[in-house]
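K.L.:
Sequence:
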Amino acid sequence: MLETYVIWLLVALTLIVFEVFGIFNFTALLSGAGAFCVALLLKWDAVGEDSYLLQASLFMAFSALFIALLWISPRRTSRPYNDIIGTEAVVITPPSPDGTGGLIRWSGTTLPARTESKTLLKRGQRVIITNIQGNTALIK
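The working numbering applies: residue 1 is where the sequence shown begins, and numbers increase by one.
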C-alpha cells in the first residue's frame, strides 16, 4: 500500500501535468503546489496519516493561499501608465475627426487613444504619447 504522502505527491504531479497539457487553467498548478505542501507535511510527520479531513482542509487552504497570492500580487505591483508619456506609438485605428475613438499600439499593447488637436492621423503613422487619462492615451 502506498504511503499517504506518496498519494499526495501523485495528486500534485497529476495536477501539474494537467496544467502543462492545458487541461485546466492556471489554478491546477497552484492546487498541485497545495497538494505538494500537504505531502511535505505528511512526510515530516506534522500531520497524522489518518487525519483525512485535516489533509483535505490543508490542501484547500494551501491551494486558496497560492491562488490568493497570485491574484493579489499583480494588483499590488501594478503601476500607472505614466512611464509611457513621451514615447512613440503606432496608430492602428485613426481617431475620428472629433479626436476620439482611436487605437494605438505601444510596446505590443493596444490602447485606446484620442488626439489633443483635431489633427487627422493615418493608420501606421507614428505618434507621441503626451498624456494618459484613465486608460486612454492622448497623442500628437
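Rather than coming from a laboratory, the hints here were simulated on the basis of the structure. In this text, all values refer to a predicted model and were calculated from it rather than measured experimentally. Note that beta-carbon positions come from the ideal geometry of N, C-alpha and C, so glycine has one too. Among these hints, one or two may not hold up.
[Stated by the list, open to error] Have a look at the derived ranges for each label pair, beta carbon to beta carbon:
1) Thr93 with Leu54: 42 to 50 Å
2) Thr100 with Ile128: 13 to 21 Å
3) Phe18 with Arg126: 40 to 48 Å
4) Thr93 with Val20: 35 to 43 Å
5) Thr109 with Ala61: 31 to 39 Å
6) Met1 with Leu54: 14 to 22 Å
7) Thr93 with Leu53: 50 to 58 Å
8) Leu13 with Ile128: 47 to 55 Å
9) Phe21 with Gly86: 58 to 66 Å
K.L.:
All the hints need checking, so say for each whether the structure fits it.
P.N.:
Do the hints match the structure? See the list:
1. Thr93 with Leu54: 42 to 50 Å: violated (57 Å)
2. Thr100 with Ile128: 13 to 21 Å: holds (18 Å)
3. Phe18 with Arg126: 40 to 48 Å: About 45 Å separates the Cβ atoms of Phe18 and Arg126, which means 40 to 48 Å holds.
4. Thr93 with Val20: 35 to 43 Å: The hinted range 35 to 43 Å holds for Thr93 and Val20, with Cβ atoms some 37 Å apart.
5. Thr109 with Ala61: 31 to 39 Å: Roughly 36 Å apart at Cβ, these two residues keep to the hinted range, so it holds.
6. Met1 with Leu54: 14 to 22 Å: holds (20 Å)
7. Thr93 with Leu53: 50 to 58 Å: Check passed, 57 Å falls within 50 to 58 Å.
8. Leu13 with Ile128: 47 to 55 Å: With Cβ atoms ~51 Å apart, the hint holds.
9. Phe21 with Gly86: 58 to 66 Å: violated (44 Å)
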